[in-house]
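K.L.:
Start from the sequences, fold in the hints, and give me the full structure.
There are 2 protein chains.
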Amino acid sequence: MMELLMQLPKGFRFAGVSAGIKSRAGAKDVTLIVSDTPCTAAGVYTTNLIVAAPVVLSRSRTPSANIRGIVVNSGNANACTGQQGDLDAAEMTRLAAANLPQELHAHAEDFLVMSTGIIGRKLPMAKIQSGIEQAAKHLGNTQTHFLDACDGIMTTDAFRKTAHRSIRSSKGSHSIVGMCKGAGMIGPKMATMLAIVVTDAPIDAIVAQRILQAAANRSFNCISVEGHMSTNDSLVLLAQAPSKSVEALNDTELADFEAALTELCIELAKKIPDDGEGATHLIEICIKGANTQADADAIARNIALSNLVKTAITGGDPNWGRIVSAAGYAGVPIQPKRTALKINGLPLFDAGEPLAFDAKQVSESIRASKLTLIELDVGLGPGSATHWTTDLNTEYVRFNSEYTT
Amino acid sequence: MMELLMQLPKGFRFAGVSAGIKSRAGAKDVTLIVSDTPCTAAGVYTTNLIVAAPVVLSRSRTPSANIRGIVVNSGNANACTGQQGDLDAAEMTRLAAANLPQELHAHAEDFLVMSTGIIGRKLPMAKIQSGIEQAAKHLGNTQTHFLDACDGIMTTDAFRKTAHRSIRSSKGSHSIVGMCKGAGMIGPKMATMLAIVVTDAPIDAIVAQRILQAAANRSFNCISVEGHMSTNDSLVLLAQAPSKSVEALNDTELADFEAALTELCIELAKKIPDDGEGATHLIEICIKGANTQADADAIARNIALSNLVKTAITGGDPNWGRIVSAAGYAGVPIQPKRTALKINGLPLFDAGEPLAFDAKQVSESIRASKLTLIELDVGLGPGSATHWTTDLNTEYVRFNSEYTT
Numbered sequence: 001m002m003e004l005l006m007q008l009p010k011g012f013r014f015a016g017v018s019a020g021i022k023s024r025a026g027a028k029d030v031t032l033i034v035s036d037t038p039c040t041a042a043g044v045y046t047t048n049l050i051v052a053a054p055v056v057l058s059r060s061r062t063p064s065a066n067i068r069g070i071v072v073n074s075g076n077a078n079a080c081t082g083q084q085g086d087l088d089a090a091e092m093t094r095l096a097a098a099n100l101p102q103e104l105h106a107h108a109e110d111f112l113v114m115s116t117g118i119i120g121r122k123l124p125m126a127k128i129q130s131g132i133e134q135a136a137k138h139l140g141n142t143q144t145h146f147l148d149a150c151d152g153i154m155t156t157d158a159f160r161k162t163a164h165r166s167i168r169s170s171k172g173s174h175s176i177v178g179m180c181k182g183a184g185m186i187g188p189k190m191a192t193m194l195a196i197v198v199t200d201a202p203i204d205a206i207v208a209q210r211i212l213q214a215a216a217n218r219s220f221n222c223i224s225v226e227g228h229m230s231t232n233d234s235l236v237l238l239a240q241a242p243s244k245s246v247e248a249l250n251d252t253e254l255a256d257f258e259a260a261l262t263e264l265c266i267e268l269a270k271k272i273p274d275d276g277e278g279a280t281h282l283i284e285i286c287i288k289g290a291n292t293q294a295d296a297d298a299i300a301r302n303i304a305l306s307n308l309v310k311t312a313i314t315g316g317d318p319n320w321g322r323i324v325s326a327a328g329y330a331g332v333p334i335q336p337k338r339t340a341l342k343i344n345g346l347p348l349f350d351a352g353e354p355l356a357f358d359a360k361q362v363s364e365s366i367r368a369s370k371l372t373l374i375e376l377d378v379g380l381g382p383g384s385a386t387h388w389t390t391d392l393n394t395e396y397v398r399f400n401s402e403y404t405t
Numbered sequence: 001m002m003e004l005l006m007q008l009p010k011g012f013r014f015a016g017v018s019a020g021i022k023s024r025a026g027a028k029d030v031t032l033i034v035s036d037t038p039c040t041a042a043g044v045y046t047t048n049l050i051v052a053a054p055v056v057l058s059r060s061r062t063p064s065a066n067i068r069g070i071v072v073n074s075g076n077a078n079a080c081t082g083q084q085g086d087l088d089a090a091e092m093t094r095l096a097a098a099n100l101p102q103e104l105h106a107h108a109e110d111f112l113v114m115s116t117g118i119i120g121r122k123l124p125m126a127k128i129q130s131g132i133e134q135a136a137k138h139l140g141n142t143q144t145h146f147l148d149a150c151d152g153i154m155t156t157d158a159f160r161k162t163a164h165r166s167i168r169s170s171k172g173s174h175s176i177v178g179m180c181k182g183a184g185m186i187g188p189k190m191a192t193m194l195a196i197v198v199t200d201a202p203i204d205a206i207v208a209q210r211i212l213q214a215a216a217n218r219s220f221n222c223i224s225v226e227g228h229m230s231t232n233d234s235l236v237l238l239a240q241a242p243s244k245s246v247e248a249l250n251d252t253e254l255a256d257f258e259a260a261l262t263e264l265c266i267e268l269a270k271k272i273p274d275d276g277e278g279a280t281h282l283i284e285i286c287i288k289g290a291n292t293q294a295d296a297d298a299i300a301r302n303i304a305l306s307n308l309v310k311t312a313i314t315g316g317d318p319n320w321g322r323i324v325s326a327a328g329y330a331g332v333p334i335q336p337k338r339t340a341l342k343i344n345g346l347p348l349f350d351a352g353e354p355l356a357f358d359a360k361q362v363s364e365s366i367r368a369s370k371l372t373l374i375e376l377d378v379g380l381g382p383g384s385a386t387h388w389t390t391d392l393n394t395e396y397v398r399f400n401s402e403y404t405t
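Respectively, the protein sequence lines represent chains H and P. Per this note's numbering, the first sequence starts with residue 1, numbered consecutively. Per this note's numbering, the second sequence starts with residue 1, numbered consecutively.
Any given hint could be a false lead.
Identical copies go unnamed one by one, so any copy, or any two together, can satisfy a pair.
[As the list claims (entries may be wrong)] Keeping only pairs whose Cα atoms sit at most 30 angstroms apart, straight-line, the calculated DSBU-like set for lysine-lysine is:
hint: 1; residue 1: Lys337; residue 2: Lys127
hint: 2; residue 1: Lys360; residue 2: Lys22
hint: 3; residue 1: Lys337; residue 2: Lys122
hint: 4; residue 1: Lys342; residue 2: Lys122
hint: 5; residue 1: Lys244; residue 2: Lys10
hint: 6; residue 1: Lys244; residue 2: Lys122
hint: 7; residue 1: Lys370; residue 2: Lys127
hint: 8; residue 1: Lys360; residue 2: Lys370
hint: 9; residue 1: Lys22; residue 2: Lys337
hint: 10; residue 1: Lys288; residue 2: Lys122
hint: 11; residue 1: Lys360; residue 2: Lys122
hint: 12; residue 1: Lys288; residue 2: Lys370
hint: 13; residue 1: Lys10; residue 2: Lys270
hint: 14; residue 1: Lys270; residue 2: Lys22
Hints are computed from structural coordinates only; laboratory data are not their basis.
P.N.:
As structure tokens, then:
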């Protein structure tokens with residue numbers, strides 16, 4: 001597998017184990033990532049006001065220059081769980097710190113925490129405890145350890161989602177590795193899902209936070225499956241903390257790092273709608289010519305969230321009126337007479353007029369490829385944006401009608 | 001059929017005929033409604049910036065005290081049809097006026113126009129012309145004429161949608177009758193679909209416009225199927241124009257009229273998600289305790305637009321976390337600790353804590369009824385709102401994947 005070629009960042013250990021939280025026997029559901037020394041941590045979280053306990057706790061602890069790691073469980077979101085949920089999230093960080101190998105002495109407040117899975121059920125803390133104990137014993141820094149950690153954060157994902165980049169600085173070569181999970185309840189207004197990026201590049205906490213937010217805005221904030229914003233969305237970056245012996249990256253190096261991080265986040269983010277529950281198409285929506293980038297984002301988002309657009313792609317149906325009309329109620333300026341639409345490179349609408357086109361050709365171009373490209377130029381200004389979503393098909397509906405019962 | 005018991009308003013004539021615009025042989029697709037004398041007309045239209053030609057034309061002609069009627073075609077939306085579309089919409093009003101029986105002499109600019117159907121195809125004007133000629137010959141004021149007119153505006157509707165009310169004033173008894181169409185591309189931000197309300201109550205144009213907008217805000221603006229705002233949504237009220245011999249309703253009578261009109265519009269509006277493409281449930285979402293009515297509307301809308309909420313209802317799944325989390329990203333204040341949720345009267349979540357409940361009982365209550373009632377009290381203030389939507393099931397997806405191809 002290609003993902004095995006990545007170089008892991010120095011100074012971090014990974015583990016993923018099965019604690020029996022998920023119903024499927026042997027499925028990994030507890031992940032632990034630990035830094036050998038205090039590291040930099042930045043986080044971007046859901047803006048949902050109904051927010052899970054682990055998000056509240058992790059948000060209060062980032063950005064930071066003194067984090068030792070992150071503990072994650074899948075199979076239960078610890079969301080809408082009241083006061084017990086807050087206590088359980090804190091207890092998870094305590095257990096993570098308490099069970100570390102002796103040489104890695106840490107405190108509860110040095111840990112971040114994430115949970116993902118069903119909303120509204122209390123965490124099974126006995127299972128969580130035994131899972132964290134077991135994970136702490138299995139920490140290591142090989143590819144296998146990293147991939148186990150990836151498996152431990154997955155829920156309805158059909159495949160593992162990882163990405164990696166490397167940059168060079170005056171201090172040598174630095175590795176950036178990332179993992180994420182998510183296939184449903186993916187909304188476009190915030191860093192969606194769980195994602196963890198780890199790097200041995202030395203970066204200050206405040207800088208890391210700024211760079212991570214910018215990368216999220218071009219990646220995880222540009223994807224959707226059905227637009228339902230989760231209570232648990234979290235994106236965390238762990239980086240080497242600069243010290244007297246290791247200076248932080250300089251501005252040029254930081255620009256390289258930010259570019260690599262953004263690329264990595266886009267690669268990770270696209271894997272989520274590509275794995276959308278039941279999805280047969282990944283839809284890439286490129287908006288050009290909006291007055292501003294924010295306007296382009298609004299138009300792209302509106303198209304991405306239209307069930308009528310999504311079902312048309314499912315059916316290989318060149319029903320372009322659905323795309324243009326979705327752009328029209330995005331709440332930002334658009335003029336039909338300046339607007340042009342292409343699907344998979346084939347022009348369908350231009351300057352307010354429908355074009356003659358070969359419906360069969362467009363239809364076949366949609367059916368022939370997993371990726372469908374929608375290009376809308378609204379002809380007003382320099383604003384552009386690219387978003388990614390899934391089609392909507394009967395499998396998605398079947399899956400989500402039968403999720404808990 | 002119950003709908004046959006309505007009293008038609010005096011002074012209006014109706015017709016619906018088949019002109020071959022729809023592919024199904026004999027399906028009615030041209031409707032004509034004519035007032036014997038100049039009447040009051042008010043209109044509420046889509047706010048989509050990609051707007052159909054008939055909407056642009058009708059909007060420019062309402063409110064008015066001098067309208068003679070409205071001409072409607074189904075099977076083609078005359079949207080995204082460029083300059084020819086504008087000419088065709090105007091030509092429809094010219095044809096309606098020119099073909100009236102001699103005693104009803106009128107001009108093109110005295111007519112409103114609506115179109116509904118596929119986007120992006122030019123109107124088949126030869127068929128439209130023969131349809132209007134035929135409709136003008138068949139005008140009448142019996143129940144049959146009225147129901148023919150209802151049929152002429154339908155597209156994917158599974159059933160005809162009518163409602164009626166009557167009020168008494170010092171001038172006697174007044175009838176209010178309404179028809180609407182719509183099953184898909186139903187978004188909640190504006191008067192959705194096509195709807196026509198006709199009354200012999202005497203009302204001034206400016207007053208009619210104000211009352212119609214208020215009624216739309218509590219009815220057609222509170223429904224959704226998938227939230228895709230149409231290019232053609234239009235709601236028009238035709239009323240008797242007050243004159244020297246017939247005074248306008250006084251303030252008390254107007255209040256009665258407004259209440260009856262709002263009731264009628266809600267009754268009509270609910271029929272649309274009840275007929276949502278493939279829908280097996282009508283979902284009624286009652287929000288209480290929001291700071292303002294606008295906040296309550298925002299919360300209701302977010303829940304109504306969540307595919308995850310809709311598929312949970314399809315599956316009879318008491319997955320209440322999806323409802324609460326949808327409320328959390330509506331962009332308005334909400335505090336978990338003050339929030340309470342019931343489904344079909346059964347309490348599931350209260351004061352930030354999940355309640356113990358019988359999942360089987362909730363599930364059965366959803367499966368047993370076409371109507372599912374979601375009640376969310378956010379415990380902050382006096383704002384309330386009720387919205388209606390459909391579930392989301394495989395039939396909707398299948399239908400909309402195969403619409404044009």
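K.L.:
Against each hint, give a clear statement of whether it holds in the structure.
P.N.:
Results of checking the hints against the structure:
no.: 1; hint: Lys337 <-> Lys127; in the structure: between (61 angstroms within a copy, 28 angstroms between copies)
no.: 2; hint: Lys360 <-> Lys22; in the structure: between (45 angstroms within a copy, 21 angstroms between copies)
no.: 3; hint: Lys337 <-> Lys122; in the structure: between (55 angstroms within a copy, 16 angstroms between copies)
no.: 4; hint: Lys342 <-> Lys122; in the structure: between (48 angstroms within a copy, 20 angstroms between copies)
no.: 5; hint: Lys244 <-> Lys10; in the structure: within (18 angstroms within a copy, 91 angstroms between copies)
no.: 6; hint: Lys244 <-> Lys122; in the structure: neither (44 angstroms within a copy, 72 angstroms between copies)
no.: 7; hint: Lys370 <-> Lys127; in the structure: neither (40 angstroms within a copy, 40 angstroms between copies)
no.: 8; hint: Lys360 <-> Lys370; in the structure: within (17 angstroms within a copy, 39 angstroms between copies)
no.: 9; hint: Lys22 <-> Lys337; in the structure: between (54 angstroms within a copy, 28 angstroms between copies)
no.: 10; hint: Lys288 <-> Lys122; in the structure: between (46 angstroms within a copy, 27 angstroms between copies)
no.: 11; hint: Lys360 <-> Lys122; in the structure: between (52 angstroms within a copy, 19 angstroms between copies)
no.: 12; hint: Lys288 <-> Lys370; in the structure: within (23 angstroms within a copy, 44 angstroms between copies)
no.: 13; hint: Lys10 <-> Lys270; in the structure: within (27 angstroms within a copy, 61 angstroms between copies)
no.: 14; hint: Lys270 <-> Lys22; in the structure: within (25 angstroms within a copy, 41 angstroms between copies)
Of the numbered hints stated above, those contradicted by the structure are hints 6 and 7, listed in ascending order.
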